[in-house]
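There are 4 protein chains.
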Amino acid sequence: MRMMVVMKKSHTKEELQEVLDHLKDNGLGAHMSVGVERTVIGVLGSIYPELAEELEAFPGVEETVPITRPYKLAGRELKPQDTVIKVGNVTIGGGSVVVMAGECSVESEEQMMATARLVKEVGGHILRGGAFKPRTSPHAFRGLGEDGLRILAAAKAETGLPIVTEVMDTRDVDVVASYADILQIGTRNAQNYYLLDEVGHCGKPVLLKRGMASTVEDWLLCAEYILARGNGQVILCERGIRTFETGTRFTLDVSAIPLAKRLSHLPVVADPSHGTGRWYLVEPMSLAAVAAGADGLMLEIHPNPDRALSDGAQSLKFENFRTLMQRLSVMGEAIGRPLERV
Amino acid sequence: MRMMVVMKKSHTKEELQEVLDHLKDNGLGAHMSVGVERTVIGVLGSIYPELAEELEAFPGVEETVPITRPYKLAGRELKPQDTVIKVGNVTIGGGSVVVMAGECSVESEEQMMATARLVKEVGGHILRGGAFKPRTSPHAFRGLGEDGLRILAAAKAETGLPIVTEVMDTRDVDVVASYADILQIGTRNAQNYYLLDEVGHCGKPVLLKRGMASTVEDWLLCAEYILARGNGQVILCERGIRTFETGTRFTLDVSAIPLAKRLSHLPVVADPSHGTGRWYLVEPMSLAAVAAGADGLMLEIHPNPDRALSDGAQSLKFENFRTLMQRLSVMGEAIGRPLERV
Amino acid sequence: MRMMVVMKKSHTKEELQEVLDHLKDNGLGAHMSVGVERTVIGVLGSIYPELAEELEAFPGVEETVPITRPYKLAGRELKPQDTVIKVGNVTIGGGSVVVMAGECSVESEEQMMATARLVKEVGGHILRGGAFKPRTSPHAFRGLGEDGLRILAAAKAETGLPIVTEVMDTRDVDVVASYADILQIGTRNAQNYYLLDEVGHCGKPVLLKRGMASTVEDWLLCAEYILARGNGQVILCERGIRTFETGTRFTLDVSAIPLAKRLSHLPVVADPSHGTGRWYLVEPMSLAAVAAGADGLMLEIHPNPDRALSDGAQSLKFENFRTLMQRLSVMGEAIGRPLERV
Amino acid sequence: MRMMVVMKKSHTKEELQEVLDHLKDNGLGAHMSVGVERTVIGVLGSIYPELAEELEAFPGVEETVPITRPYKLAGRELKPQDTVIKVGNVTIGGGSVVVMAGECSVESEEQMMATARLVKEVGGHILRGGAFKPRTSPHAFRGLGEDGLRILAAAKAETGLPIVTEVMDTRDVDVVASYADILQIGTRNAQNYYLLDEVGHCGKPVLLKRGMASTVEDWLLCAEYILARGNGQVILCERGIRTFETGTRFTLDVSAIPLAKRLSHLPVVADPSHGTGRWYLVEPMSLAAVAAGADGLMLEIHPNPDRALSDGAQSLKFENFRTLMQRLSVMGEAIGRPLERV
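Protein chains in written order, with our numbering: chain A, 21 to 362; chain B, 21 to 362; chain C, 21 to 362; chain D, 21 to 362.
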């Protein structure tokens, strides 16, 4: 049983029949429970999310009550144990903390190499870098495209670090999947359902950012799209939601981390760089996310953030990144969430 | 001059030089104004939105002040007069009110024909219907695809009503453009920049819904993407934003209508069906949107909303739609915004 | 019956008994309905809002379902017909549109007299003016206090216009009630329950602004406080909610007007001056609010808005106010919501 | 200098004079800087927050730029070093973590005693309990009033724990201050300026919850009210903001903790019980808040949360509280934020 339909006190026989017909027309069964005060119908079968609104528009219906969650593949009901994802020799979701770091956008081979070496040296696990960049203005720098992917591949070849990079269009999924170890879906494409479908059969793990206007439930339904295409390797990434606060660029919703982990078996990481938009909040919010249970972090670093072509104000300098890694290590050991060892 | 950079009182000569170098590196000029208390730099040239954040990360910079808007093509500075769009013999943005109505998703030819005839009979101007449907769950009905487009074309052939329908993927732009008179970009794709690029050279007018987490400025920057590809026929559509209110599905931001019209020359329409998610709010909010200056409305109607496969709770019944059209007509005549006559 | 409690499939006899005991301890009755799949308990008696959360913390409880609304005095269930309030010879909520206008804060007798005469001349119905002013900074001008009330009384004596003015502290209710015809509760005190209690037995009508973070349901519960003290003369005032949009000061939630009128019998007015914070949006949003069903408007006008000590950017000039009244009159006649005639 | 006024390119001499007159009328000085492209006026003297909006309404003004923060007493500019507050032998803001715990509302002496003994035994520092309770419904239990205060005093007498309790009305400040060690201002009274004034001269430390719709800047301006009355002992408390997320009761804004500490010298604590409304999120969010830099926590515990008269769903059971204290201790030692030792 997935949903209960509460009929109005005053409903007629015809109104009841309409509800039963609607369920039947949609291939659903019904279990009636006629009480002294109310008639309640239990809906049987595979309901779809819009059903509640449809039924509530019927004249005889008082209210519907969902009994189980609409995201059955992403939820813990069918799969209670944590999903653990292996990327190269890095394990995500297995109890350790994984750090994905790099530049927001790939700018040059020389610079990306310097960044990759630092990530490796300081103990980071995965290299991030944007080859295809979402920009709020059509007049801004939008990334190097496949040239950027080649630079990332070169950095991987030298350091051995797996690569995570964003894909923004269904037509680019194949090319990005041929270079990347993890495909990233950005917040602005979190509800681009065709793209979710497409990465759902790309054969690579997907890092799915939360839509900036998505509830945790919406977010899990986006993951459900990918899972429904047969790709079970989804990493959720909290990256901040839109609120009225203007002191930060977004509001990093730290409570979404333990909430998503309670509702879903998928690993959850956090992106405090985009989530706050302020470099000086990245360290405290990284520690907070891990303390709240995050399986990893996604960080923006830059050899010279003052000169970065995009998002400079939120990038960590190398020395700050080094310090952060030390603090994560110390805190992680204490609370039983050590940095992943590769 | 597009931006002013206010230096810190205590800035050093080197810090000032860094700012000037950064501007130069990005092809921008500088106009210095050294006051008793402060040094202020006017930035000359075509700045990009991220510049403000980049500069604010420099040690010597106190603050940046934008002087003109970042959306130059969508804004009224370069083009003060209203954009007027002709679709068939319907004029959008010329002072009259245009009604686009139809079903959320095309369900069957018979039903769409009944809807199209009613829209025509009651005085509606454009037929809407979804062939490709965004659904929050992968398990829900997702539209008939090209079959749905063919049904729309048949309805157009019979009634003469132009068609507006959603496109959700770059790969579908050509096929949708071959059937539709207006291509719709939905709220979940409002920042799908590749799709915006693609409809930017499709040769057809585009109805651009506001992202549910987009400010009015963000929204105009999305329009800027389409305009920058050479397509000047963009219709903005306010469809509700995400807020804490749960009594409505979204909060239809009526004030965004006069605000967008003040900032931009593009026509603005409103979608009170999706914006409220409650059929009983569609009439008052339609009247409100037009009273606030909307150039048109996008409405969901359904021969039998209790049975609609999607969004039934927000669809108007035929009789309610007829009443609404009468009230729009009466109010429109009084306030100088009559229904478009074709 | 007010609430249904759905027990878990797997609940034990002891868990069921705990729920029944908790209801009994709180003076509530229970109506059991044991189905094949589920046990459902109907709660009888006068439930309180927190009951749902309390019960959901019990181990055997799956979910609770509210059946009726928690605001019984403010809701239409017990009192379906509209509440109509008489203030002097002005009728609020009787189908006409009432205009309350004046300055945000009383600055001087001379200026308030000029404003009052204009409001009267142009056809406004009620004079507003702030004697006690909420200011976000302790260093700003906070109103003239009782001197301001005396100036308002003088303006009333000359023009015959009833007065609405804000009360901010329980200790001031008596003095404000001795001058004012309507006591206003501001958005920042919308959930100041002691103040709501106090105006609940002041014997005068109360204009209750919506809290900027209140849902429509929260707002009606605030009205419920006043009604529960025996004062049935409550006027609801929509004044904008906090959202992520920064192009306006708040987001005037126009859809809250028809929604509140559907749920409650109380009259609803709108304040587009504070709701938008932009004088150029006041006219379109005034028309929108009335088109959506508002029983009146609250407007800020100022002989010289550039010089106003507070909120100048949102005040209408006299000439704009005059134009707005003409447009309201024309539109109101057309849609059957004429300006109140006194 | 506190603000810069940027004049329009095309401003007239008269428009410039109007701005200068307005500043003079409000006791402010002006420093003119006439550049080739722009005239910029630096405002001298003690500006008030509304000044920006007032000036922007002048025809010749392009924009105003704030240079320093409007909260001068709460900000770090005038007082860079951290404020440290002593309550009994407990030190707040000195680098250790202080735990305030207890029941949401005082229900009975017996129960409060049990709670107080546990708080003491497990290592908590301050006892919380509500005698005056804000409730969203007038029909709900609203606290024991002064009887509740007496019960708190008895619990203090036995355990030695200082007391924090809420005050909701100006008329109750004296009586609450005669029992309490810290007066709490709730989120719904965060902008009740008369109450802020009143606790500003009560002689006791004040715990100021953030308004659920307040930005960090708004919150610091509320603290400014208390500081401006001479009471420098203000503890800021982040307790969650209103967002669109419905999976939690509010969104605990963890990033507001390091942000407020950066902008202000006042200590900052967090309330994960009210902030999430879910008992199972209290532990992860407590750890997160401390990792982000919080000086303390405010927690709701209850001997039997299933039976609590209010907020049961968010209360920790005693055993969960004990576990949390152990984890806080371990993590705190590792990251240099140990639990306060008394």
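Each hint should be verified, as a subset may be incorrect.
[What the hints assert, rightly or not] A few chain A residues facing chain D, derived, Cβ under 8 Å:
hint	residue
1	Leu48
2	Glu130
3	Met133
4	Gly180
5	Val193
6	Ala197
7	Glu265
8	Val274
9	Gly313
10	Lys337
11	Asn340
[To be verified] Covered stretches of chain B (chain A as the covering partner; in silico rule of three or more C-beta atoms under 8 Å from a C-beta of chain A):
hint	region
12	30-37
13	74-83
14	112-123
15	135-148
16	304-313
No lab work stands behind these hints: they were computed from the structure.
Glycine included, every Cβ here is placed at the ideal spot set by N, Cα and C.
query = Which hint numbers doesn't this structure obey?
reply = As far as the earlier hints go, 1, 2, 3, 4, 5, 6, 10, 11, 12, 14, 15, 16 are violated by this structure, in ascending order.
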